[in-house]
Every structure is written in structure tokens, then in C-alpha cells.
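Construct the entire structure; sequences and hints are all you get.
Per the UniProt record's numbering, residue 1 is the first one in the sequence shown, and the count goes up by one each step.
There could be a bad hint or two in this list.
Using C-beta positions, here's what the derived DEER-type ranges look like [to be verified]:
#, residue 1, residue 2, range
1, 80, 121, 17 to 25 Å
2, 30, 62, 28 to 36 Å
3, 74, 96, 13 to 21 Å
4, 108, 17, 30 to 38 Å
5, 17, 114, 17 to 25 Å
6, 28, 109, 17 to 25 Å
7, 118, 76, 28 to 36 Å
8, 24, 100, 28 to 36 Å
9, 30, 76, 12 to 20 Å
10, 79, 117, 16 to 24 Å
Honestly, the hints are just simulated from the structure, not real lab data. By construction, the Cβ of each residue, glycine as well, lies at the ideal position given by its N, Cα and C atoms.
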Amino acid sequence: MTTSLPRRVLVIDDNIDLTNMFAMLLEANGYVTRTAYSGHEGLEAVRDFMPDVVICDIGMPDISGHDVATRIRDGGYGCKPMLIAVSGWGDARTLAASSAAGFAVHMTKPVAIDAVLEAMRDQRPPA
1 MTTSLPRRVL VIDDNIDLTN MFAMLLEANG YVTRTAYSGH EGLEAVRDFM PDVVICDIGM
61 PDISGHDVAT RIRDGGYGCK PMLIAVSGWG DARTLAASSA AGFAVHMTKP VAIDAVLEAM
121 RDQRPPA
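So, in C-alpha cells, the structure goes:
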């Protein structure tokens, strides 16, 4: 990682263990993290935390990750983070919906932390 300030990463997933593991691994790589365990909690965290990157599950019980991404893209949160979908669903329809919602990257679980780190290095948040 470069010597620039750590990037702020919000991890949203209803799988608490997976969310906490991602946060721990990201922190070990120099990122500042926050976790949220539902779509609604994630949207609140976007406003409070102002992340540079949001890693978000698609299939959550309250609102989908696609809805979370669309709401973030519609604005009003004070930031425009890069969005990365991490989901158990990887079919063509889900990939197209992820792209339409504004995700820069869609990864199908299980995902190695190195793949997430590479995606964050390779992608830039929208202007």
C-alpha cells in the first residue's frame, strides 16, 4: 500500500462473521473500516463514516445490496464511494443488476481478501 492516508472502507453484509473477518483483514492492510449488518444500517453508516469504498452483499433480508448502491448513487450522503459487490450470486442477471446499480466490481463468494485489495487498487471512485 502507498504512504497516503488509509482509505475508509465500509463493509455491509448480514453475515456477521464474514463482515468482521473482512474488516479485520482490511485493517491489517492499513485500511480504516466500519461494519454494518443490514442494508439500512449500512446506509446510516455511509452518512456517518463517509467511506471511500463500500463492500456490500447483495442478498440481505431488509433491503438488497442493489438498493443500497442505488440509494448511495442517488446522492444525499455527502460522498461518492467506490462500490464493490460481494455476493453468493454470480449469474448474468445479478451481474447486470450490480452494474446498473453502480457497483464498479461484482465478486462471487467465496472471495479472497487479495482479490478485494486488488479491486480497490485498480478501481477509482467516481468523480
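**Asked** Looking at the structure, which of the earlier hints fail to hold?
**Response** Of the numbered hints given earlier, those the structure breaks are 4 and 9, listed in rising order.
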